[in-house]
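J.: The primary structure of each chain is shown beneath.
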Amino acid sequence: MRKVYTRPRLLKKVPFHYCPGCGHSIIHRLMTELIDEMHLEDRIIGIPPPGCSVFAYHYFDVDMAESAHGRGAAVATGIKRAFPEAIVFTYQGDGDLAAIGTAETIHAANRGERITAIFINNAVYGMTGGQMAPTTLSQQVTTTTPYGRDTGIEGYPIKMSEIVALVKGAVYIERTAVNSPANIRKTKKAIRKGFQAQIDNLGFSLIEILSPCPTNWRMNPLESWQWIDNEMIKEFPLGVIKDITGKTDAD
Amino acid sequence: MINKKLDRKADIQILDGNHAAALGAKLSRVQVIAAYPITPQSPVTESLSEFVEGGDLHAEYIAVESEHSAMAVCTSASLVGARTFTATSSHGLAYMHEMLHWVAGTRLPVVLACVNRAIGAPWNVQNDQQDSISQRDTGWIQIYARNNQEILDSVIQAYKIAESVYVPVMVCYDGYILSHTEMPVDVPSQGDVDRFLPPYKPHAILDPANPRNYNLVTLANPRVNADGILCHGYMEIRYLLQEALQKSRETIINVGQEFGKLFARSYANMFWEDRLDDAEIVIVAMGSLAMEATVAVDMLREEGHRVGVLSLRVFRPFPKDYLIEALSKARLIVVFDKNISYGSEGATCSEIKSALYGNRINAVIRNFIVGLGGRDVKAREIADAVRKSLPSLEEGGPNIEYPEWICHM
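Read top to bottom, the protein sequences are chains F and G.
Under this note's numbering, read the first sequence as residues 1 to 251, first letter to last.
Under this note's numbering, read the second sequence as residues 1 to 409, first letter to last.
Keep in mind that the hints are not guaranteed to be accurate.
As the list claims (entries may be wrong) - Cross-link-like lysine to any residue pairs, in silico, SDA-like; alpha carbons within 20 Å at most: (1) G:Lys329 - G:Leu393; (2) F:Lys159 - G:Val64; (3) F:Lys186 - F:Ile153; (4) F:Lys189 - F:Ser25; (5) F:Lys159 - G:Glu65; (6) G:Lys320 - G:Asn359; (7) F:Lys159 - G:Arg360; (8) G:Lys353 - G:Glu273; (9) G:Lys320 - G:Ile253.
FYI, nobody ran anything at the bench for these hints, they're computed from the structure.
Note that this is a predicted model, so its numbers are computed, not measured.
Using the sequences and the accompanying hints, generate a full structural model.
T.: Okay, here's the thing in structure tokens:
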């Protein structure tokens with residue numbers, strides 16, 4: 001019998017601490033599969049963030065150095081410039097990359113840093129308990145917008161991928177989701193293209209992944225998958241936002 | 001003594017420290033709140049946004065993208081005359097560092113609740129006091145609470161102090177130990193707080209009808225400005241901030257006394273005393289650790305040791321002169337620090353030593369570093385540290401490198 005599916009070799013044999021239905025577990029799996037498939041194991045260095053995925057090092061069997069709140073892209077820059085052979089990725093949430101780390105992200109992209117940002121967007125600050133993030137949808141109820149986000153005073157859901165796409169040094173930007181088998185496969189393809197842009201020394205790549213947070217959304221996992229389809233994707237449409245890599249589809 | 005004019009006798013609510021802080025800000029009728037969530041402060045932001053969005057507090061709540069911006073918003077809102085509040089912890093406070101200097105330098109009465117948490121690297125979300133101690137030289141008044149009642153009371157007093165001396169105030173309380181632990185808190189009525197704390201009347205604000213400039217380029221020496229007026233140099237402005245901090249001691253005490261008269265909880269001193277009258281051994285601690293120390297004193301008193309606790313309530317300005325009398329009978333002072341000034345010793349220990357210098361108090365001082373990154377500090381461990389220090393009563397200071405650590409090293 002041929003084995004067609006197995007636990008990724010680079011995913012440590014420990015149970016995930018993430019909540020049931022959380023997208024991190026899926027994305028961790030995709031990334032460790034890819035690192036193996038693309039033979040990056042000996043070159044990859046990850047920069048996990050503060051937030052729920054602060055424990056990424058507990059699951060990825062690769063080099064990792066934690067960064068402080070929002071500093072991911074700057075930390076990755078330091079590693080990449082001093083160690084250009086490395087393939088460097090940041091793993092950041094929206095409360096990080098789209099809030100306290102906005103400046104670092106835009107400027108790393110503008111310098112065309114050869115790094116890949118994996119940007120997990122769940123429309124809230126997850127680990128601190130589901131407060132409004134810059135990405136929170138209009139009228140979305142969070143613990144700091146108990147009556148729904150009022151865009152008149154609390155601003156609009158910020159579209160970081162579209163913003164970063166305007167920056168010349170960014171070469172590949174795609175928004176995906178992990179709320180269906182088809183979207184999960186597309187996410188893996190997108191991350192592969194992000195890594196490839198870096199391997200080809202082309203510039204900054206960013207993969208935004210809409211990811212369910214059933215706990216803070218007060219939903220069950222199925223409802224949270226549906227919520228991504230019914231609500232989140234309207235504000236954050238999926239697809240390639242920028243591709244100047246000049247490559248055809250990685251598959 | 002309950003003042004007959006009070007609205008009510010007591011309204012005891014079961015509150016955790018974060019809700020006590022939020023309620024303190026609400027009762028102080030803050031007008032602008034800017035905050036970014038961080039563990040373990042986040043529930044403060046949640047409570048306040050609930051108050052604002054529910055219409056219970058008429059304030060602007062700005063969910064900014066970082067703590068640095070939070071303090072920048074507080075600075076400018078205060079500059080146009082608003083009463084402002086923010087809360088943070090650990091990395092958030094560190095990220096604010098630049099703006100902390102800016103607020104104090106502009107002499108703005110901003111109040112900040114610091115939920116004390118360890119700082120990275122390595123990552124840790126649990127309690128110690130390294131975060132606020134690291135900000136001691138920014139020109140802010142620092143008050144430390146031992147329990148949730150003191151958190152609420154201190155936030156209200158902080159506005160009165162800050163708006164009297166034009167120095168910002170940081171109210172610090174231990175993450176989780178207080179922030180997430182519920183205890184009974186007597187919540188004053190809005191009417192009584194209004195009696196104690198009148199609306200903020202700024203001494204100088206940005207007002208287009210009467211143009212002023214703030215935070216100008218200021219050279220070392222006094223210089224004449226565009227209007228021909230001789231203005232302070234940078235050093236004079238720094239001197240005035242130091243003077244304001246020094247003189248704020250009196251204000252802090254007066255405000256504490258006044259609060260005591262109105263609410264029957266006196267804050268008439270800058271530190272708390274527990275059984276110091278006959279104590280030859282004094283434990284010094286700050287924040288919730290002081291409550292643990294009183295339990296240790298119970299244990300040590302049973303063994304016949306004359307021990308008491310001096311609990312620092314105000315760390316900046318440091319109450320040097322006021323401490324001398326309280327420590328005058330001490331022969332052994334055991335200082336417990338939930339912080340470490342690397343390469344030296346615990347910060348409160350240095351302060352105590354400095355306060356005693358030249359005051360003919362021949363006490364031996366021992367310093368223990370405890371509770372970093374949320375390491376539990378048990379009363380038994382405090383008592384053990386005191387017992388371990390007892391030979392110093394006869395032999396003088398230990399011939400070991402300071403400070404000692406209660407950890408597995």
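J.: Hints first: check each against the structure and report whether it holds.
T.: Now for the hints, and whether the structure bears them out:
{"no.": "1", "hint": "G:Lys329 - G:Leu393", "in the structure": "13 Å, holds"}
{"no.": "2", "hint": "F:Lys159 - G:Val64", "in the structure": "16 Å, holds"}
{"no.": "3", "hint": "F:Lys186 - F:Ile153", "in the structure": "36 Å, violated"}
{"no.": "4", "hint": "F:Lys189 - F:Ser25", "in the structure": "17 Å, holds"}
{"no.": "5", "hint": "F:Lys159 - G:Glu65", "in the structure": "14 Å, holds"}
{"no.": "6", "hint": "G:Lys320 - G:Asn359", "in the structure": "11 Å, holds"}
{"no.": "7", "hint": "F:Lys159 - G:Arg360", "in the structure": "66 Å, violated"}
{"no.": "8", "hint": "G:Lys353 - G:Glu273", "in the structure": "18 Å, holds"}
{"no.": "9", "hint": "G:Lys320 - G:Ile253", "in the structure": "14 Å, holds"}
In this structure, the hints that do not hold are numbers 3 and 7, in rising order.
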